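So the sequences go chain by chain: L and H.
All the letters of the first sequence, read from the start, carry residue numbers 1 to 259 under this note's numbering.
All the letters of the second sequence, read from the start, carry residue numbers 1 to 253 under this note's numbering.
Hints are computed from structural coordinates only; laboratory data are not their basis.
For clarity, every value in this text was computed on a predicted model and none was experimentally measured.
Be aware that one or more of the hints could be misleading.
[What the hints assert, rightly or not] Here are the simulated lysine to any residue pairs, SDA-like style, with alpha carbons at most 20 Å apart:
hint, chain 1, residue 1, chain 2, residue 2
1, H, K243, H, T140
2, H, K151, L, K114
3, H, K159, L, A98
4, L, K114, L, K65
5, L, K226, L, D197
6, H, K151, L, D197
Residues per chain, in single letters:
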Amino acid sequence: MFLQMNEVAKRFDAHEVFSGINLSIEKNQFVSILGPSGCGKSTLLSMVAGLEDVTEGTLSLGGEKILQPGTDRGMVFQQPALFPWLTVKDNVTFPLKADHSKREKEQLAAKYLKMVHLTRFKDAYPHELSGGMQQRVAIARALAMDPKVLLMDEPFGALDEQTRHILHDELMKIFDETKKTILFVTHSIQEAIKLSDRVIVMGTRPGRIIADFPIDMDRPRERDDKKVIEMEKNIMALLEDEIKKVMKEELDYEAKHLG
Amino acid sequence: MKPSIWVKRIVFIIVLLAIWQGVYMSGYFPAIQFPPPTKVFQALIDGFADGTLVGALLASFKHLLIGLALAITLGTLIGVLLGKSRQADETAGMYLIAMQSIPSIVWVPLAIMLIGLNETAVIFVVVLGGTFVMALNVRTAIHSVPPEFIKAARTMGSKGLPLFFKVEVPASLPYYMSGIRLAWAFSWRALMAGELLSNGPGLGYSLRFAMDFAQMELVIGIIIIVGVIGSVVDQLVFSKLEKKVMRRWGLLK
Ligand SMILES: Nc1ncnc2c1ncn2[C@@H]1O[C@H](COP(=O)(O)OP(=O)(O)OP(=O)(O)O)[C@@H](O)[C@H]1O
Ligand SMILES: [Mg+2]
Chain L
1 MFLQMNEVAK
11 RFDAHEVFSG
21 INLSIEKNQF
31 VSILGPSGCG
41 KSTLLSMVAG
51 LEDVTEGTLS
61 LGGEKILQPG
71 TDRGMVFQQP
81 ALFPWLTVKD
91 NVTFPLKADH
101 SKREKEQLAA
111 KYLKMVHLTR
121 FKDAYPHELS
131 GGMQQRVAIA
141 RALAMDPKVL
151 LMDEPFGALD
161 EQTRHILHDE
171 LMKIFDETKK
181 TILFVTHSIQ
191 EAIKLSDRVI
201 VMGTRPGRII
211 ADFPIDMDRP
221 RERDDKKVIE
231 MEKNIMALLE
241 DEIKKVMKEE
251 LDYEAKHLG
Chain H
1 MKPSIWVKRI
11 VFIIVLLAIW
21 QGVYMSGYFP
31 AIQFPPPTKV
41 FQALIDGFAD
51 GTLVGALLAS
61 FKHLLIGLAL
71 AITLGTLIGV
81 LLGKSRQADE
91 TAGMYLIAMQ
101 SIPSIVWVPL
111 AIMLIGLNET
121 AVIFVVVLGG
131 TFVMALNVRT
141 AIHSVPPEFI
151 KAARTMGSKG
161 LPLFFKVEVP
171 ASLPYYMSGI
181 RLAWAFSWRA
191 LMAGELLSNG
201 PGLGYSLRFA
211 MDFAQMELVI
221 GIIIIVGVIG
231 SVVDQLVFSK
241 LEKKVMRRWG
251 LLK
């Protein structure tokens, strides 16, 4: 399998975030991860990126074990994290190695900025752009190093509803054009269903995978489609159980320690 | 800036000069202790015309430039060490804050005993005056690099020295500029303390010389020069630079 997780566990000192994570992701698949806050979605994504080390188990990409960050995995965070001292164009070419000629860099920047419809702003500085535009630059920057996998951690979480919908469409087009494999963390069930080929639902305490839904519906998917609504309900029910469990545990803890 | 602000400022200084002149004319203080503004102005003109003040200013700037350059260099090295190494910070960070709190004039006797009554001692005091505040600011500058910049850069394959120079250094530049501005301000104060007790040449030395010869108008004149240089250099050079960087970095609209 292309991106493979085998019995993956993560602990911070004594605190276990999750364990026994097994996941196989095919090439050119769009996979979303949903789960209650604190279940370890960001941690898992950071481990695939190579930013966090793996406590137990193995992660591999294209048969090679993931040990550290690399340009075969691009990441987009909730905050655009663009470098304010560089222009939009220079931000996009940042990940390109020195062995690219200046002209090649220009061409690549132009290509990816066109993909996110920001050609006009190539010489602007990040703070001159809106939040949605900054996030598009961040996507162009991650794509510029031509990664095999695109990791996205709530990339549209800080944006308003309209901008989010526009970026959904853009991301779908990019997904079609570039044939990337995308691992996408979100809190929005609708967003996950709208975009993904597959939705993974994580539970918490202990963190683990509780469901794995394939979504075989044609895109674009309408929100009022019967199948979409049905799927939304199923996932919602699963998540509500998890969230209730967390709430109950927290209340019990409070009662025990305060009462 | 709006012209009305300048009008207010000029009116303020005129009123101040008028009060000064009024107190002088009331005869409450003996004229030798309390010269009128015109005499101070004349003393400044004479000082510049015969070259004594020009020489003193040039000497002071020489001490300052050498001292500040050393302070910025040393402060940057210490600050980067403490900012990057947790070990070093835990060990020496506290002492750096203690050193920074020592007023520069305290170093003067030590410098004179160690080095002698010469210009090197003055420069030594200037270096001590600027180094610690520079180091503390560089340390803060490095600590304040947003972790998401580093994470993002690492996912793009940056690490080690290239990561430091391509991301951490530019990301900390705004705080670094504040550090330079403060180092200048502290060094300027240290310079005056050092020169005041030195054997010259320098503006501080001229000030004590004027005191020894009971030239009150020159004493006041030099105090004015010190104040004007301090604020003008800050406004025209360091504040401007700092603001320029902040604006480019999007920290200031
Ligand atoms: N560096 C760290 N040190 C210690 N604990 C950490 C660290 N990073 C994350 N954790 C813990 O790991 C758990 C999972 O965190 P993570 O950020 O992965 O959750 P998440 O699912 O992304 O949550 P959210 O939906 O709120 O973003 C949390 O309990 C968090 O406190
Ligand atoms: Mg998260």
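Here is what the structure says about each hint:
no.	hint	result
1	H:K243 x H:T140	holds, 18 Å
2	H:K151 x L:K114	violated, 26 Å
3	H:K159 x L:A98	holds, 15 Å
4	L:K114 x L:K65	violated, 34 Å
5	L:K226 x L:D197	holds, 17 Å
6	H:K151 x L:D197	violated, 28 Å
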